[in-house]
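Assemble chains L and P onto chain U, guided by the hints.
For reference, the chains in residue letters:
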Amino acid sequence: MRKLFFVFCFIASPLLIFAQEGPSAETINVESTDSQVFNMAIDLKIQDGTTAQVVSDHKAQHKAVSGRPVVLNINGGNFKAAVRFTVYNMNGDNLMLLTQSTIYFMNEGRRQMISTAKSIPIKAGEKILFFPMGVLNDGEKSGYNCMLEMVVSKYQQQPVSQE
Amino acid sequence: MCPDVEILSSFYDDELEDSQKQVVKTHVDSCPHCQKKMAELGLISATINAEEEPDFQMAQVNTWNKIMDIIDREEQKVPRVNFWQRRFQISFPAAAALVAAFIVVLSLSVVSFYMGKHTTSNPATPEMSITDASDTLFNDENLFDSKAIEFDIPAINTFIHAGEPLLIKEVDFRSRNGK
Amino acid sequence: MDDKAKKDFFEKIYKEIFPIVIKVSYRITKNLDAAQDVCQEAFIKLYHRVDTFPEVEDAKFWLIRVVKNLSFNYLEHEKVKNRAFDKIKHMPSFSDDTGEKQLLKKDAVEKVNQALEQLPENLKAPLILREFGGMNYKEIGTALGISESNVKIRIFRAREALGKLLPVGEVYVP
Numbered sequence: 000m001r002k003l004f005f006v007f008c009f010i011a012s013p014l015l016i017f018a019q020e021g022p023s024a025e026t027i028n029v030e031s032t033d034s035q036v037f038n039m040a041i042d043l044k045i046q047d048g049t050t051a052q053v054v055s056d057h058k059a060q061h062k063a064v065s066g067r068p069v070v071l072n073i074n075g076g077n078f079k080a081a082v083r084f085t086v087y088n089m090n091g092d093n094l095m096l097l098t099q100s101t102i103y104f105m106n107e108g109r110r111q112m113i114s115t116a117k118s119i120p121i122k123a124g125e126k127i128l129f130f131p132m133g134v135l136n137d138g139e140k141s142g143y144n145c146m147l148e149m150v151v152s153k154y155q156q157q158p159v160s161q162e
Numbered sequence: 000m001c002p003d004v005e006i007l008s009s010f011y012d013d014e015l016e017d018s019q020k021q022v023v024k025t026h027v028d029s030c031p032h033c034q035k036k037m038a039e040l041g042l043i044s045a046t047i048n049a050e051e052e053p054d055f056q057m058a059q060v061n062t063w064n065k066i067m068d069i070i071d072r073e074e075q076k077v078p079r080v081n082f083w084q085r086r087f088q089i090s091f092p093a094a095a096a097l098v099a100a101f102i103v104v105l106s107l108s109v110v111s112f113y114m115g116k117h118t119t120s121n122p123a124t125p126e127m128s129i130t131d132a133s134d135t136l137f138n139d140e141n142l143f144d145s146k147a148i149e150f151d152i153p154a155i156n157t158f159i160h161a162g163e164p165l166l167i168k169e170v171d172f173r174s175r176n177g178k
Numbered sequence: 000m001d002d003k004a005k006k007d008f009f010e011k012i013y014k015e016i017f018p019i020v021i022k023v024s025y026r027i028t029k030n031l032d033a034a035q036d037v038c039q040e041a042f043i044k045l046y047h048r049v050d051t052f053p054e055v056e057d058a059k060f061w062l063i064r065v066v067k068n069l070s071f072n073y074l075e076h077e078k079v080k081n082r083a084f085d086k087i088k089h090m091p092s093f094s095d096d097t098g099e100k101q102l103l104k105k106d107a108v109e110k111v112n113q114a115l116e117q118l119p120e121n122l123k124a125p126l127i128l129r130e131f132g133g134m135n136y137k138e139i140g141t142a143l144g145i146s147e148s149n150v151k152i153r154i155f156r157a158r159e160a161l162g163k164l165l166p167v168g169e170v171y172v173p
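Protein chains in written order, with numbering that gives the first Met the number 0: chain U, 0 to 162; chain L, 0 to 178; chain P, 0 to 173.
Next comes chain U alone, as it looks inside the complex (with noise of 0.2 Å):
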């Protein structure tokens, strides 16, 4: 193995020397690596069933890596969520997004939980849905309701600024 390296190093380190005028290995790395990173906007709205008026909203933004959980954590009264987003970067910009969801929430004096899993095509840039706890129907309405809305985009790189 040892052996192996010796004669390597002596190969390659001219070679490494004078491929300086090609993409450097750099250059590529820092491109893949902007590629699997994401801007995540969400957006949680509480909305009324009755009014269909939205009476909380909250704002976050967040740093995705391909592959890596987003973890959002919602407290509410009869309702506290953990919601998992997960983005994954396929080709161009083509997208994988998964949801994992465990919700709990009272109903009649009775805890429930629910777990899922969702996943969804999105390209970057589309507007996203996301209901923890189902729709609810034209017959339900005198409840709250909660929605997520998210966007995820190509990452920016914040323009290093020159003094």
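No wet-lab data here; the hints were simulated from the structure.
As the structure is a prediction and not an experimental result, all values here were calculated from the model.
Just so you know, not all the hints are guaranteed correct.
Stated by the list, open to error - With a straight-line Cα cutoff of 27 Å, these simulated DSS-like cross-link-like pairs (lysine-lysine) come out:
(1) U:Lys-153 x U:Lys-117
(2) P:Lys-22 x L:Lys-65
(3) U:Lys-122 x L:Lys-168
(4) U:Lys-58 x U:Lys-126
(5) U:Lys-62 x U:Lys-153
(6) L:Lys-168 x U:Lys-153
(7) U:Lys-62 x P:Lys-11
As the list claims (entries may be wrong) - If you want a taste of the chain L side facing chain U, the calculated C-beta under 10 Å gives, among others:
(8) Val-22
(9) Asp-151
(10) Asp-171
Ideal Cβ placement from N, Cα and C applies to all residues, glycine included.
Using the frame of chain U, we list chains L and P on its own:
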């Protein structure tokens, strides 16, 4: 009529509903066959519990200490070491190879310089502005922040569980509702 | 949840649930060291997500499920490891010449416990949770993700399998 052994098993675990419990109890009290069955159930419990148990309290203390050790170690933030300050371990042959390679490269470049065939206009290593950018990328505190985003919404107690969680594109949701 | 609250909550869960899960794991693995390792792993996993559990109860069900799975995993692992030694293990041992009655009693305990070890996982887990975890059918159902009536049937079947091995004469009928 004797109740099923399955019911006796539930009765033994005190898992019958009150009305049924009373019926079964009255029966068992007067039925030698069912009493024998109940005794058997008790014997099974007694038999599997008859094995000596180790000291679980000791285990509780020991395991707690181990867990705390691990958590403390995990939570001690390892300071980020700059690339150039990192210590490298390098074996002797590898070091020798590097030195030899350096000498070869140096002599080659000296030779080519004197031969006047060096056409590269910018022989110095180009300044890598991208390297700086990647530096800011990885120093960005939020990027690998594994802490959860906390949403404290108003303490409303009338959230409705309307059904399965739904994940949908806004476009599709609108067209679905438009119908 | 801040760090202090998180640690306090974690400690509370540990104090309440450890005595249950260590017993359960020990009964499955039959090895205290392994049971401790299993519990340690489960609680570390719990620590990393402790703020997703609103109450100790929720953590309890989750923990029991994880401990049960890890314990059975350990068993599987051991089985593979020990296959080579099986032949040696089953060679007749030269037992001490103990009193006949004691031997008989010991024999029954051993037999039933061996039978418990041999039970399939789906019957063994509910019975262990019932007998050693002190949990009721509903709790067992929640922890294992099966219905209450399923728990009832499985516990009954497990007992039925063990009951067959009991020496008939030992049951005292008043």
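The hints, checked one at a time:
For the given pair, Lys-153 of chain U sits about 22 Å from Lys-117 of chain U by alpha-carbon distance, which is consistent with the 27 Å threshold. Between Lys-22 of chain P and Lys-65 of chain L the alpha-carbon distance is near 18 Å, which keeps this suggested pair within the 27 Å criterion. In summary, the hint linking Lys-122 of chain U to Lys-168 of chain L is supported, as the alpha carbons are separated by about 10 Å, within the 27 Å threshold. Simply put, Lys-58 of chain U and Lys-126 of chain U have alpha-carbon atoms about 14 Å apart, close enough for the 27 Å limit, and the pair holds.
Taking the CA atoms of Lys-62 of chain U and Lys-153 of chain U, the gap is near 10 Å; set against the 27 Å cutoff, the hint holds. Taking the CA atoms of Lys-168 of chain L and Lys-153 of chain U, the gap is near 18 Å; set against the 27 Å cutoff, the hint holds. Straight-line distance between C-alpha atoms of Lys-62 of chain U and Lys-11 of chain P comes to about 34 Å, which puts the hinted pair past the 27 Å bound. Taking 10 Å as the C-beta contact cut-off toward chain U, the hint placing Val-22 of chain L at the interface is violated, the least distance being around 28 Å.
Evaluation of the Asp-151 of chain L hint against chain U yields a held restraint, the C-beta minimum of about 5 Å falling below 10 Å. Satisfaction of the interface hint for Asp-171 of chain L is found here, the shortest Cβ-Cβ separation to chain U being roughly 9 Å, below the 10 Å cut-off.
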